[in-house]
Every structure is written in C-alpha cells, then in structure tokens.
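Visitor: Below are the chains, spelled out letter by letter.
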Amino acid sequence: MAEPLLRVKDLKKYFPIRRGVLQRTVGYVRAVDGVSFEVERGETLGVVGESGCGKSTMARSILRLIEPTAGEVWFEGENLLRLSGSSLRHMRRQMQIVFQDPYASLNPRYSIGYTLEEPMIVHRLHTPAERKRRVRWLLERVGLDPDYAKRYPHEFSGGQRQRIGIARALVLQPKLILLDEPVAALDVSVQSQVLNLLEDLQDEFDLTYIFVAHDLSVVRHISDRILVLYLGRMAELADAEVLFVDPLHPYTRALLSAVPVPDPDAKRERIILRGDVPSPANPPHGCPFHTRCPVAMDVCRSEVPAWREVKPRHYVACHLY
Amino acid sequence: MSTVLPNGSLTQAAERKRGIGRALVKSIREYPMVYLGSFIVFVLIVVAVFAPWLAPYDPTKQFANGLTPDGMPVAPNHQFLLGTDDVGRDELSRLIYGSRVSLEVGIFATFISLVIGTTLGLISGYFGGVIDSVIMRLTDVVLAFPFLLLTMALVAVLQPSVTNVFIAIGVQGWGTMARVVRGQVLAVKSFEYVQAERAIGASTARILFRVILPNVLGPVIVLAALSVGFNILAEAGLSVLGIGVQPPTPSWGNMVSEGLLTYRFAPWMMWAPGTALLIAVLGFNLLGDGLRDIFDPRTTTHG
Amino acid sequence: MAKVLDVRGLRVDFRIDERYYPAVHDIHFHIDEGETLGLVGESGCGKSVTSLAIMRLLGPGTKVSGEVRYGGKNLLAIPDAEMRRIRGNDISMIFQEPMTSLNPVQRIGTQIGESLFLHRGLTGRAAREQAIQLLQEVGIPRAEEVVDDYPHQLSGGMRQRVMIAIAMACNPKLLIADEPTTALDVTIQAQILDLMRRLSRDHGTSILLITHDLGVVAEMCQRVAVMYAGQIVEQGPVREIFKHPQHPYTIGLLNSIPRMDGPRTRLTPIEGNVPSLRNMPRGCRFAPRCPHAMDVCRAQDPEPVMVEPGHDVRCWLHAPVKEAR
Numbered sequence: 001m002a003e004p005l006l007r008v009k010d011l012k013k014y015f016p017i018r019r020g021v022l023q024r025t026v027g028y029v030r031a032v033d034g035v036s037f038e039v040e041r042g043e044t045l046g047v048v049g050e051s052g053c054g055k056s057t058m059a060r061s062i063l064r065l066i067e068p069t070a071g072e073v074w075f076e077g078e079n080l081l082r083l084s085g086s087s088l089r090h091m092r093r094q095m096q097i098v099f100q101d102p103y104a105s106l107n108p109r110y111s112i113g114y115t116l117e118e119p120m121i122v123h124r125l126h127t128p129a130e131r132k133r134r135v136r137w138l139l140e141r142v143g144l145d146p147d148y149a150k151r152y153p154h155e156f157s158g159g160q161r162q163r164i165g166i167a168r169a170l171v172l173q174p175k176l177i178l179l180d181e182p183v184a185a186l187d188v189s190v191q192s193q194v195l196n197l198l199e200d201l202q203d204e205f206d207l208t209y210i211f212v213a214h215d216l217s218v219v220r221h222i223s224d225r226i227l228v229l230y231l232g233r234m235a236e237l238a239d240a241e242v243l244f245v246d247p248l249h250p251y252t253r254a255l256l257s258a259v260p261v262p263d264p265d266a267k268r269e270r271i272i273l274r275g276d277v278p279s280p281a282n283p284p285h286g287c288p289f290h291t292r293c294p295v296a297m298d299v300c301r302s303e304v305p306a307w308r309e310v311k312p313r314h315y316v317a318c319h320l321y
Numbered sequence: 001m002s003t004v005l006p007n008g009s010l011t012q013a014a015e016r017k018r019g020i021g022r023a024l025v026k027s028i029r030e031y032p033m034v035y036l037g038s039f040i041v042f043v044l045i046v047v048a049v050f051a052p053w054l055a056p057y058d059p060t061k062q063f064a065n066g067l068t069p070d071g072m073p074v075a076p077n078h079q080f081l082l083g084t085d086d087v088g089r090d091e092l093s094r095l096i097y098g099s100r101v102s103l104e105v106g107i108f109a110t111f112i113s114l115v116i117g118t119t120l121g122l123i124s125g126y127f128g129g130v131i132d133s134v135i136m137r138l139t140d141v142v143l144a145f146p147f148l149l150l151t152m153a154l155v156a157v158l159q160p161s162v163t164n165v166f167i168a169i170g171v172q173g174w175g176t177m178a179r180v181v182r183g184q185v186l187a188v189k190s191f192e193y194v195q196a197e198r199a200i201g202a203s204t205a206r207i208l209f210r211v212i213l214p215n216v217l218g219p220v221i222v223l224a225a226l227s228v229g230f231n232i233l234a235e236a237g238l239s240v241l242g243i244g245v246q247p248p249t250p251s252w253g254n255m256v257s258e259g260l261l262t263y264r265f266a267p268w269m270m271w272a273p274g275t276a277l278l279i280a281v282l283g284f285n286l287l288g289d290g291l292r293d294i295f296d297p298r299t300t301t302h303g
Numbered sequence: 001m002a003k004v005l006d007v008r009g010l011r012v013d014f015r016i017d018e019r020y021y022p023a024v025h026d027i028h029f030h031i032d033e034g035e036t037l038g039l040v041g042e043s044g045c046g047k048s049v050t051s052l053a054i055m056r057l058l059g060p061g062t063k064v065s066g067e068v069r070y071g072g073k074n075l076l077a078i079p080d081a082e083m084r085r086i087r088g089n090d091i092s093m094i095f096q097e098p099m100t101s102l103n104p105v106q107r108i109g110t111q112i113g114e115s116l117f118l119h120r121g122l123t124g125r126a127a128r129e130q131a132i133q134l135l136q137e138v139g140i141p142r143a144e145e146v147v148d149d150y151p152h153q154l155s156g157g158m159r160q161r162v163m164i165a166i167a168m169a170c171n172p173k174l175l176i177a178d179e180p181t182t183a184l185d186v187t188i189q190a191q192i193l194d195l196m197r198r199l200s201r202d203h204g205t206s207i208l209l210i211t212h213d214l215g216v217v218a219e220m221c222q223r224v225a226v227m228y229a230g231q232i233v234e235q236g237p238v239r240e241i242f243k244h245p246q247h248p249y250t251i252g253l254l255n256s257i258p259r260m261d262g263p264r265t266r267l268t269p270i271e272g273n274v275p276s277l278r279n280m281p282r283g284c285r286f287a288p289r290c291p292h293a294m295d296v297c298r299a300q301d302p303e304p305v306m307v308e309p310g311h312d313v314r315c316w317l318h319a320p321v322k323e324a325r
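Residue numbers (UniProt numbering), protein chains in the order written: chain G, 1 to 321; chain F, 1 to 303; chain Y, 1 to 325.
Just to be clear, a hint being listed does not mean it is correct.
[Said to hold, decoys possible] Label pairs and their computed distance ranges (CB to CB):
# : chain 1 : residue 1 : chain 2 : residue 2 : range
1 : G       : W137      : Y       : R266      : 22 to 30 Å
2 : G       : S36       : F       : L217      : 42 to 50 Å
3 : F       : L150      : G       : Q23       : 51 to 59 Å
4 : Y       : P288      : G       : W137      : 21 to 29 Å
5 : G       : K311      : Y       : R8        : 53 to 61 Å
Honestly, the hints are just simulated from the structure, not real lab data.
All C-beta atoms, glycine included, are put in the ideal place defined by N, C-alpha and C.
Could you put together the complete structure from these sequences and hints?
Guide: Below, the structure written as structure tokens:
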C-alpha cells in the first residue's frame, strides 16, 4: 500500500488543572495519552469511545484547533505540529472538520452564502462571481436549494444545518475530513439522510474520513476500520467487520454487548460493567480499564499493556493477548 | 423567532437591515420604556445640537433688567421663562447651552471607556492566560479605586476644562466594560463556529474583529447607554464641587452649584438644572435597561 | 389485566404569539399493571409533552383537554392538592438530565428524605435509614457515605440512580421515565436499564418509557406507541411493531437506523424533515414525507384503525375501504 494520508504518532493532550489564587498547576487531565494510528487514502476510520475517552479532543488536536501537548501528525509529508502561521493556515485547506452541534457551528450573523464563501475569501481563491457559483453548486451537491444562500442559519432545521456544515467543509476541496459526532444531534430519520450523503460525497470527491462517534451502530455502518479509545488510550483497532464479529479487548466486548438492539427477539449475552469510567485526571495504574474489567489479572493492575498486532491488521492493548 | 426574508433582488445587507429594523419596531412596541428613554435622549440631542437657535438669548449675556433693583435674581416671567441667575443671565438659555456640555462629557467619556474597555476585554478573553490575568488585575484596581477621589486628582493635574473632565471620567469607566466584554468573549469563543473559523484557516485578527466583536456588541451598547447617564451625573458632581466645567461656560453642574448659594431666595436656579439632570439621566437609564431587556434572550418571550 | 393509566383523547395546545397550536393531538393509550410501555418518536413529536400533561406539570400558555384516568379518577379534573399527593407517591417521574433534576445544594439523603417525609411522614433516623436502603437497592456502592454526598460528587450514572431511588421511594404504581438514559454512555445505559427492569419486576411498577431509541424500546417494553407530530400513529405489542410494522412512518424509522448485525447496506432514510408546530400539514401529518401518500392523505386526517387485536394504526392505507373514499 502507498504512503498513508495521515500518520498520527504518540499524540498527547494534557489539560492542566489549576487551583488556588495563583492558579498553580496541580495536575493534568490526560485527555489524549499517546495515540498513534494511520489513515489510508479514501478510507473511513471510525473512532469510538465513551464520554471522557478523548475522541473529540484527539480530532481537534490533529487539526490543531486544540494545541496538542506532544506527538507528531504527519500529513502529506509534513509534520503539522511543526507548522505555524501561514503555512499552517495553508495546510488547513487540506483537512476540514464537521462539528457535532449544527446550531453552534454556524455563525448566526452570516448568511449561508457567506458562510460557504468565507473559506474562499480567506484563502483568496476565485473571483467573486466564481465563488458565488461554487456556493450554489455546493448547496445543490449537499441536497439543498441553491437559493438558500441568501438565508440565515435560524431558518433551517438541524439536518439542513448539518448539510450546510458539510458543504463548508467541502468548499476548499480538502483531502481529509474529520467528522466529530456529525449525526449525534440529529433525529433518527434525518441521521440516515446525512450518513448517505457523507457516503456519496466520499465517492464523488475521493475523501478520507475520520469519523468520531459514540453510537456504535452508526460507526459500524460507515467505517472501514475502527479505533476504540478508553481514557485517552487506544484499546483496539481493527477492520469494522472483524471488530464487530470478533472483538478482542474486554472493553470492546462490553461496549458492543451494551448497545440495545432494535429487535425484540435478539438474545445476546450482555456484559454489564461495574462502576463508571475513572477520571482522566487520576487514571488507574497499569491498564486503564482494569478497574472495570471482568477478567482483570494481577499484571493488569501494575503494567500498562503494550499495543500489539495480535492478528493481521488487528491491534489490541491487553495483557490477555 | 423566524423572520421571513423577502425574495427579490435586494442585496443581502439591505435584507438584513430590514430584518433588524422590523425587529426593532416590534421591540419598541413591546417595551414602551425604551421608547420613552429614546424619546428623551432624542430631545436632548436635538436641544444640544440646535442650542444657538433654540436659546432665546446669549447664555453669557448679563441683562440690565436681569436683576431686581436690590440685586436679586429675577423670578420666572414673560421675558425670562425660567428666571435669571445671580448676575442677571437668562436661566433658560444657560440650561439649553448647558445640555451641550452634559452630552459632550457623557458621550465622549463613554466613548473613551468603550474603546479602552472593549479592546482590553477582547484581548483578555480571547488570549487568556497571563495576558488575561494582568488585564483583569488592572481592571480590579480601576474598579476598586474611589471614583470621585481619582477624578478629582486627575482633573487637578490636568486643569479643569470640558475636555479634561471627560478624559478623567472616561479613563476610569472602562473597568465594567472590559469585564462584560471579556465574559461575552469567553462565551462566544466556546461556540463551535469560532473553531470552524479557525479550521478554514482564518487569521486571529479576522476571528477577533469579524466573528467575535459583532457578537459582544449587544451588551456593550446597553452598558454604554447606562454609562452616558452615569457620566452626565459625574460631570455635574465635579462641577458642583467646583472642579468640573468652569464658569462662564454653562453646565448643569455649575448651574446647580451657583443655585446652591442662592437657594433660599431664588430656588428656580437650582430647580431648573436639577430637573434637567434628572430627566436626562432617567432617559439614558430607561434606554439602557430597555435595550438590556431586548438583548437578553432570557427576558424575551420568543427565543 | 387491570389498567393503571388510561389516556383518552388527550390534547395539548401551546400558545405561540396569541394563537394555539396542538402539540399533542387526540392521543389514546393505556398502561397495564406491571407493564412497560414505550413511547417513541423524534424530537418535537410531543412525547415529553404527553408525560408532562399526565403529571399536570405543563406551565401557563398551554391548554390540556381529554381524560387521564388513574385509579377511577380523571387526573386532569381533580383538585391541585389531590394531584400533589399523587405525584411522587402514586406516579413518579425521572428525567433525561440527572444533573439538573437534583438540587445541587442539598445532600442526597435530604432529597430522598423529602419525598419520604411528604408522602409517608418519615423523619430523622427512620428517613435516613430508609434512604440508605433505597440507595442500596438502586445499586449504589457505599450507600452509607453517598447519602451525605452532594449531587456534584457523583457521576452521571450515579445521579440517575439517585433519581430512580427518589422516584421509587414511595413505591409508585407508575414510573414515567423521560429519556432516562439518553445523556449516559452505553455501558452506563446498560446498567440503568437493567436496574429499571429489576425494579419493575420486583415491585410490579408499571413504566411509561419515553425514548427516541428503538433499541431501548425493543429491550425494555412489552408494548410500544409510536408518535409522530403530536399523534400516536401506531401502537401495539413490541414484537408486532418491530416484526410487522404497518404505518409507513414506523417502517421508515426501522429502515433508517444502521444495524449492529447483518450486512452493511445503504440506509433508506425518510425524506424531508419533521414539521414544526406552526406549519402542520393538512390531513395526515406524515403525508408530505410518506412514499405512499394518496390524495385522501393530504385532505383528511385518518382515524386510528385496529389491524390486529391490540395493534392500532393511524393510516389511510389501513382504513376500511368505504371510509377511504
């Protein structure tokens, strides 16, 4: 296989915890704690995990919307974390993001047309007439009436806004799009419209996706490979088909078994985990999952399990393997 | 609240203006106090601008018949509608010209606070960290310092004049503005559309001025309206103490001050400027409070 | 089986700009003893409004009509004082957001004790012991310590357990759960659903489970009512609804969700968007999005029709032929 489009190496993001009058740093929240993976051209990498697993922080750190603490993000032969100023802004044309909340992610003061035109203005692309034409074309492409360009965000429903958000991500013809819970805020019947749209656009524009979500059935539907995060660390990475049929990590197993299935006849063995996700400010020693793991051993409490390829293309961090 | 935009050849800007205009008309109907406040402010501005045409006489002219034979101010009559002062000048003319000073000080002082406060608030809120801490501590100092004491000191150093009075008032009024702007910036900054702006490669300056600033202006306008009222009072206070606007330039403050001395036998000399001050401050406060109600989504019935 | 709750012709109107719009329109359903009924639908379909109307918790600006029969009485017609005795005692409620439904400045024990005092007159040591026992029952570890904690010291899942403990304090006949697990992670959701199932079985409590998640319905409920735009478009036993859905909306909903099993095929979405309260379509409210819409659908609102015993559908496709003309 050719060089991957994106290579993330040992990415870390620690948020300082400040206390007291002098705002002294008393500790760190390890939101993302050493994540490494590659994304091939044209594939969709799903990233799943529960709240506090760092999936959203990770996505934003890759784009440097949040400044990562350490690590490398290689994209098209350049380490993004080394870029600054105009070269960083230039690189951002290649990678775009779609946010979860279609209400908060559009500027209420901008018309839809301006929201879509702005990226081109910022990068000084095209003539004004050409830009307007592109906006209309994009709106049509994401399934909206091109005349909507004149309207404002408050006139649209959540699903329509998310289409606008997707159009904005497409304006600069990026290679990679990070989708941060793009359908979580949408109604079930609208979710599927947006998922289908994303699939169509991927084919049409040769896009590569990183799809971050907590909804496992959605991630299974759209992803080629899936990365499971727990407490800012990687638990498992495998092809989507493999992961759902043959999950290796006890956490992945519990997670998959916990999803309610819309079939009253489905009889599945449910693994109910004890307790809550520990605080990332004070993660457990050893394997971060050992406090809730039904098969934890002594070694899990003391040693961090290594990240290993236990089967071809199937990676897991667990002492069982 | 959904505004239906007309389809047509209107430009986007015009469409937006129409939307805002219509909303404003609607709000005024819903908030009559704003209407009253704006009316008072409007009248005040008209009086100040057209003072030379509105005032019956020159405010500094001492009339021969402006004093009673025993040298007392003349009570209100046909010629002097509000009476005269202790040196025989027409009170009404002085009152009309005095509105210029009051407004000038009120507005310019507010403008100074606005520029300083908004700039510092924007920087403080957007960049955070050490910059934020330094600016906020500075704000604390300004807010904690006794207003009158500092103003008196400043005016004493700068020499009392209209310009120096509004500079002295303006350079300490920005504390609240900076805090309010900073709070707004922190709120707006967390919206994803600001992150989206960074994701498309927009520069910091663009984000600050084109995205964040318009979103913090609402509360700033409210504060500015309230602050004009406060600054008018501040000028009056300084002038009463004799360190504000100096005679013979008429200001409502120094008129009250003169009236104080003759209150027993010429009460109109204090009543006239006192009432004018009351109405002016009331006008700006009503306007500010009303605008706050309009801008605050929690007090609006339609979200 | 005896009906715990019987809702007949419930209608809720919201006032927007001097006009009333029906947010809930002529709905009928009942809940049997010990049964869990799922009320599913998308946001804005009126499912939460329905539950608040039953509890008489809707604020001013709303008009409620119809009947909500409980224990031989119409809850919409009894005096306020009597309704207050029923709330929390006979019928209790848990909400989606366990953070905002607990008072942040009161200890957990105090909040459970409040309900125990109001409805059962328990105070002091007795109330505290009862509170600890309730916390243990909902699976909270170290209940003796947690009883003195404040809500912010607990995680989302723990807070929802506390909410359930408060709701179960007086052994209600009916528990209304409005999206109880939506704000929680899947592994925590599994814990809470498990808990609710156990409590319902042990105490014979009926549950009205309001949710948008068809998976949760399939796992928890015996019967389902599907709501769309303020109406119940289909209701019946859970197997019937999932295996033989009749209403085009139910069918569309089931086809549009991605599956955890089976091959990954392209999704079949329902086109269009949920109508807003102010722009309700004439006739059948689903007609503009319905692939089978006929002329009659756009002209006239269909009545519920029974397709099987206990399985009702509100759709012209299933109306007796003579009515369809």
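Visitor: Now tell me if each hint is right for this structure.
Guide: Verification of the hints:
1. W137(G) - R266(Y): 22 to 30 Å: Holds, at about 24 Å.
2. S36(G) - L217(F): 42 to 50 Å: Given about 45 Å between the Cβ atoms, the range holds.
3. L150(F) - Q23(G): 51 to 59 Å: Cβ of L150(F) to Cβ of Q23(G): about 29 Å, so the range 51 to 59 Å is violated.
4. P288(Y) - W137(G): 21 to 29 Å: holds, 27 Å
5. K311(G) - R8(Y): 53 to 61 Å: holds, 59 Å
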